[in-house]
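Engineer: Residue-level listing of the chains:
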Amino acid sequence: MSANNCCCCGGVDSRDQKLQEIIEKYKNTEGALVPVLHEAQEVYGYLPLEVQKKIAEGLNVPLAEVYGVVTFYTQFSLNPKGKYKIQVCMGTACYVKGSGAILEKFKEKLGLDVGGCTSDGKFSLEACRCIGACGLAPVITINDDVYGRLVPDDIEGILEKYKE
Amino acid sequence: MQMVNITIDNCKVQVPANYTVLEAARQANIDIPTLCFLKDINEVGACRMCVVEIKGARSLQAACVYPVAEGLEIYTQTPAVREARKVTLELILSNHEKKCLTCVRSENCELQKLAKDLNIKDIRFEGEMSDLPVDDFSPSIVRDPNKCVLCRRCVSMCKSIQSVGAIDVTERGFRTTVSTAFNKPLNEVPCVNCGQCINVCPVGALREKEDIDKVWDALANPELHVLVQTAPAVRVALGEEFGMPIGSRVTGKMVSALSRLGFDKVFDTDTAADLTIMEEGTELINRIKNGGKLPLITSCSPGWIKFCEHNYPEFLDNLSSCKSPHEMFGAVLKSYYAQKNGIDPSKVFVVSIMPCTAKKFEAQRPELSSTGYADVDVVLTTRELARMIKEAGIDFNALPEKQFDDPMGEASGAGVIFGATGGVMEAAIRTVSEVLSGKSADNIEYNDVRGLEGIKEATIEVGGLTLKAAVAHGLGNAKKLLDKIKAGDADYHFIEIMACPGGCVNGGGQPIQPSQIRSWTDLRSERAKAIYEEDKAMPIRKSHENPKIKMLYDEYFGEPGGHKAHELLHTHYTKRENYPEE
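Keeping their order, the protein sequence lines are chains P and H.
Take the UniProt record's numbering: the last position of the first sequence gets the number 164, and nothing is skipped along the way.
Take the UniProt record's numbering: the last position of the second sequence gets the number 582, and nothing is skipped along the way.
These are calculated hints, taken from the structure and not from any lab test.
Treat the hints with caution; some may be incorrect.
Said to hold, decoys possible - Covered by chain P, per the in silico footprint, the following chain H stretches (three or more residues, Cβ under 8 Å):
1. 160-173
2. 177-190
Stated by the list, open to error - For lysine-lysine, the following DSS-like pairs were computed, each having C-alpha atoms within a straight-line distance of at most 25 Å:
3. Lys53(P) x Lys575(H)
4. Lys27(P) x Lys159(H)
5. Lys161(P) x Lys85(P)
6. Lys12(H) x Lys55(H)
7. Lys575(H) x Lys479(H)
8. Lys575(H) x Lys484(H)
9. Lys99(H) x Lys289(H)
10. Lys18(P) x Lys83(P)
11. Lys159(H) x Lys480(H)
12. Lys575(H) x Lys54(P)
13. Lys109(P) x Lys163(P)
14. Lys480(H) x Lys27(P)
15. Lys340(H) x Lys53(P)
16. Lys484(H) x Lys27(P)
17. Lys480(H) x Lys54(P)
18. Lys209(H) x Lys159(H)
19. Lys548(H) x Lys347(H)
20. Lys564(H) x Lys340(H)
21. Lys486(H) x Lys27(P)
22. Lys159(H) x Lys486(H)
23. Lys53(P) x Lys479(H)
24. Lys479(H) x Lys54(P)
25. Lys12(H) x Lys340(H)
26. Lys109(P) x Lys122(P)
27. Lys347(H) x Lys265(H)
28. Lys265(H) x Lys54(P)
29. Lys54(P) x Lys159(H)
30. Lys98(H) x Lys390(H)
31. Lys486(H) x Lys53(P)
32. Lys107(P) x Lys161(P)
33. Lys27(P) x Lys479(H)
34. Lys105(P) x Lys83(P)
35. Lys289(H) x Lys564(H)
36. Lys99(H) x Lys116(H)
37. Lys480(H) x Lys53(P)
All C-beta atoms in this analysis are idealised placements derived from N, C-alpha and C, irrespective of residue type, glycine included.
Here chain H stands alone, though its shape is the one from the complex (with noise of 0.2 Å):
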């Protein structure tokens, strides 16, 4: 790597030549503010919060746009840079809507961090004010435009990363607006509800439907037998709400708040995930022996099949007709589990813990309620379960760790990795290859569809057979992927698809981090991290040697793929229109 010698602040750092000056001033443990700058997804110099003096410059420059070159001279603490910022910040105030007090991003916004960190003590300006419609139609995501600073880091991420384009900046001067075409509301636009917006959003413009009250109802209905349900992403997560470093496993402590919490039941998606592996690898199997339509694609992910179903019609068959784990368990707990309690099914209220906003859609699907009942009553993000702990006054930190509840509480490795890009996959290979090959493997992990590259290929020789599989994280990468499959450029057995960059660990439900510390720390890596050792730590890491699953197909539903397994355990898909005739 090239260097150059700079000064920041009459300081002498040594820096690789490709840095801007904030990169620069990071390294030289200078901190420069910012507030539209979000590393590798947003990066236009639009907000001018993180003006520098730079010797020989006209004016005040961007330091999140501006190169360093050998010798540059930096100044971030001039008079007229504390200034500028100052201004600048202060412009932005005066037409925000500051009802912090009741905003969901109250302490965790980086508006408000930025206006106590320049010490902004008074709003000079009385500027005009937006007064438009807050856009709530969607069950999983609102949008508030008169909380928006025009950042533009959500229109970036739904279109340059997601590749969705939902929203985009409209109109121009005061009336520019982040929107949708039409200023349609965000059910009748081809939004596929992944909430990635939400995470990059630095104040409470977006934010998911919050569903928690039908939550409190619930449980305080004595008629009611209310389970919860967590998904594997969620205990490596969580901590993050409660102040525990990024990658903390907070498995047995989720589990206590969620008991205390007043759930008569709380299970682990891990163990539908397990499910998913028996019936998606069956299904596997039988296309490839059968004939039958390849390459098969996952279908956990929801925000994936809303974009299949808008974007890629023709990919509707390639499709497993799996349900997602969390929908497979919700129709197992009203129809198996009510039936062997001797509960009525119509009193069964099943709530999912999601790293996710695109479940809450999924959970409304008509289609999704194999029983006569929805499969799934509420489904609430990691973010919404964080307050429902701290609205019932639980010290989170302080709580002893507790197991899953039996019999639905029993999960392999195997499930646990769901959470991360390249999971299901591997899942599927650990069971997929010992059913083919009769025996048991030693290796079982494939670092081939781990970690973070955009599209991963791997070759696993199972059982005579040799399976081309590929995964795909990030709605982009998916739609590179099907273009190469489309343009007849691969053929794959099998392949993976997230929605969410990196998988669930950073799907859009989950704890929001500020700027300074998701442009340095990749959150993706740091809590896949978490999910491996959870896997590790697993005494079972195949989904067919779970006890417990093979307790549910002895007992109920047969063998995988037979008739009651389709009833229950599977769905089909609908091509969308990606905006409907009126």
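This is chain P alone, in the form it adopts within the complex (with noise of 0.2 Å):
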């Protein structure tokens, strides 16, 4: 896996550079390995094996225990995200109110996995924890915005928006 291939901020130089700038930031701070992945996310667009291993390095902690707190939060990626990052949730209320279904449509109108990337990098399509939008049960996120009380037949429309 390479962090080269992302395309969404500055050349690699620099965000390594950024990447040592979070590091240093965060040194002696104790519990500071969540926000340092937050931040480094931010940079790289998504957390691969090389930048995990410079966090794991400069921060003193086992890669072991960087990869399980990003493997634990579905906020972080191992993998590039898309333009659009679809977010759909999988909470109880959600859940019981039909995402599953949702999350089937978006997988067959793009052809993705979850976790998966089109390859015009335009969408990435995830499962999420609850995101504390019960009201509007089913809800998503595509990067800030929110739709909800959503049905199946409402994803092809919504897609089309972001088409351009």
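Join the two chains, each given in its own frame, into one complex according to the hints.
Structural biologist: Next up, the structure:
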């Protein structure tokens, strides 16, 4: 896996330098792993092996622990994300209200599995934990846009908005 | 100690104020079942097997983490408690791979015992089953995540006690797995093969890579001259596999059993430990006298060596160039011994019985083949030897005592104590002090380097020289010691490091004792006691006085540290990347 194929933010060197700055900033703070992962993901768009290795070495935390934290939170991604990040809430309320069918519809329309990204880099698809909008269940987010009370037939129209 | 008065199941007891409910119940002879709990290593209240009712508490509480307090009323056997434990256990069992008949831990499995103790007759829940790949790429350790109950004892051992951190808890919910970074196989991560994870696993999710069949094949091959050697720690633990108390010495029965299994000769790795002391002692004296790299650090523990290669490459020149004793022995058997007995070295097959899983990896190191053949062909753990003995139908407890075979079976007490933390240091001092002073010492027991303190220090006056020594056991302690030296806060001449807490007696290949025993009995000190008894009973207690060692140097090696010794008994080390680029 390589960190070099991300298209979203500047050259490799400047990203690596930013990562070093983030690590330096948090180096002596206890419990700094999660904020460092957050900021690193903002820089790279995702958290590949090379980035996690640098964080592990920089914070003096075993790589296995870093990987454990990254895989625990759905917010962190091991794969490049699309320009538009689709998150389908699978929290209890959304699940009961049929978010499973919503997710299936996205998979079908985009030809993706959960965690995947379309080959043009436009859409990535994820299932996430409760986002705290249970009143709108079933709910999804696309970047910062929230869509609630959905039925599978809504999906096509929503995707159209982002295809330009 | 401040005491508090509590009531457990209507019995009044007085217990120390810092006790947990579990400890208090134990004092009152009330058994509370546990699964994830392992004293001092994993006290997290995660599995909920130890729940109890506490008067006034809102819900059932985990006894292993609930602190006692004055007037506490505890009930360990109410219907609600029994029901909760049973349902929890049934849920754990619902997605457990229940291949008990063929599991290496059958009859020594904490989960199996719980199911029996809690009288589980039927598992009502048909859970989804994991079907994860078994990781058997490491030459030392096999991981079977389908048997894992996620107790986290192995993670705690690897990360907190050993400071290795090769494994951790990954993913979440049903997908939660104990795994490595990016699910790499164990041979591609900085695992040092110490096997401490195996010793704390309650089930069969972690086990050694079994090499028994290679040994059966060799024993059945009439063309091979099959030799076996046993490390000192094996003889004080093997008995546990046959129901004997912890700390039983079974040296004579062990030798008998090995003879019956069909080995051509049964030798004692302690003889090679004596040889190690001659070589390493000479190395120490030379480094001190000639301004060589100090501190000199012992190299007997292959878990420690790999840890150093991964994490402290700046100390590689400090490592003694001596091979570990069993590797030295292998080289001697395939050179001197083969020559003397007119046997083609390619037909000499050397098996090492070790308390250690890291020795399996060590035996595969390409640099450890000075005769052109691997110094050691197969390493078996203490547990594997027990399995062979059982498979062969040998009644171990009824075996007569037998002596190790000549000519390589004679050893000193110094060789024996290699099995406990501080032993290599003590053995070296016994010899170095006499070589330097030219006089025979009266007191040869050095208590400063014995015992279970994490890092032990000693200053010894030997022949006009003040020798500063330190001993660390468990890699977490080794790390602390090395960081201190790196920071310039210590100036030792000689350091002994053993990867496993307590040294080889508590090695990753030793008999597994369940939490119910291990939490309350210190295996390390009980087995070490037996090691020191064995030393005391030896007629010769200093390596340089072992006549077989004198014979070896007279007939073959010339002098310690000489040319031939360097060729056959010494090695070198390599820096290793923690996660090599693909």
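Engineer: Against each hint, give a clear statement of whether it holds in the structure.
Structural biologist: Taking the hints in turn, this is what the structure says about them:
1. 160-173: holds (count 9)
2. 177-190: Satisfied; 5 residues make the cut.
3. Lys53(P) x Lys575(H): holds (18 Å)
4. Lys27(P) x Lys159(H): At roughly 20 Å apart (the allowed maximum being 25 Å), lysine 159(H) and lysine 27(P) satisfy the hint.
5. Lys161(P) x Lys85(P): holds (14 Å)
6. Lys12(H) x Lys55(H): holds (15 Å)
7. Lys575(H) x Lys479(H): OK: lysine 575(H) and lysine 479(H) at ~17 Å, within 25 Å.
8. Lys575(H) x Lys484(H): Holds, because 21 Å separates the two Cα atoms, which is no more than 25 Å.
9. Lys99(H) x Lys289(H): violated (60 Å)
10. Lys18(P) x Lys83(P): With Cα atoms ~21 Å apart, lysine 18(P) and lysine 83(P) stay inside 25 Å; holds.
11. Lys159(H) x Lys480(H): Judged against 25 Å, a Cα distance of about 14 Å means the pair holds.
12. Lys575(H) x Lys54(P): Holds - the C-alpha atoms of lysine 54(P) and lysine 575(H) are around 19 Å apart, at most 25 Å.
13. Lys109(P) x Lys163(P): Answer holds: lysine 109(P) to lysine 163(P) is near 13 Å, not above 25 Å.
14. Lys480(H) x Lys27(P): holds (20 Å)
15. Lys340(H) x Lys53(P): It is violated: about 53 Å lies between the C-alpha atoms, which goes past 25 Å.
16. Lys484(H) x Lys27(P): It holds: about 20 Å lies between the C-alpha atoms, which stays within 25 Å.
17. Lys480(H) x Lys54(P): At roughly 23 Å apart (the allowed maximum being 25 Å), lysine 54(P) and lysine 480(H) satisfy the hint.
18. Lys209(H) x Lys159(H): This hinted pair holds, its Cα atoms lying about 22 Å apart.
19. Lys548(H) x Lys347(H): holds (24 Å)
20. Lys564(H) x Lys340(H): holds (16 Å)
21. Lys486(H) x Lys27(P): holds (20 Å)
22. Lys159(H) x Lys486(H): holds (21 Å)
23. Lys53(P) x Lys479(H): Satisfied, since the Cα-Cα distance of roughly 20 Å is no more than 25 Å.
24. Lys479(H) x Lys54(P): holds (21 Å)
25. Lys12(H) x Lys340(H): violated (72 Å)
26. Lys109(P) x Lys122(P): holds (13 Å)
27. Lys347(H) x Lys265(H): Holds, at roughly 14 Å.
28. Lys265(H) x Lys54(P): Judged against 25 Å, a Cα distance of about 52 Å means the pair is violated.
29. Lys54(P) x Lys159(H): holds (19 Å)
30. Lys98(H) x Lys390(H): Measuring from Cα to Cα gives roughly 23 Å; hence the hint holds.
31. Lys486(H) x Lys53(P): holds (23 Å)
32. Lys107(P) x Lys161(P): holds (17 Å)
33. Lys27(P) x Lys479(H): holds (20 Å)
34. Lys105(P) x Lys83(P): holds (20 Å)
35. Lys289(H) x Lys564(H): holds (22 Å)
36. Lys99(H) x Lys116(H): holds (16 Å)
37. Lys480(H) x Lys53(P): holds (23 Å)
In terms of the numbered hints stated before, the structure departs from hints 9, 15, 25, 28, listed from lowest to highest.
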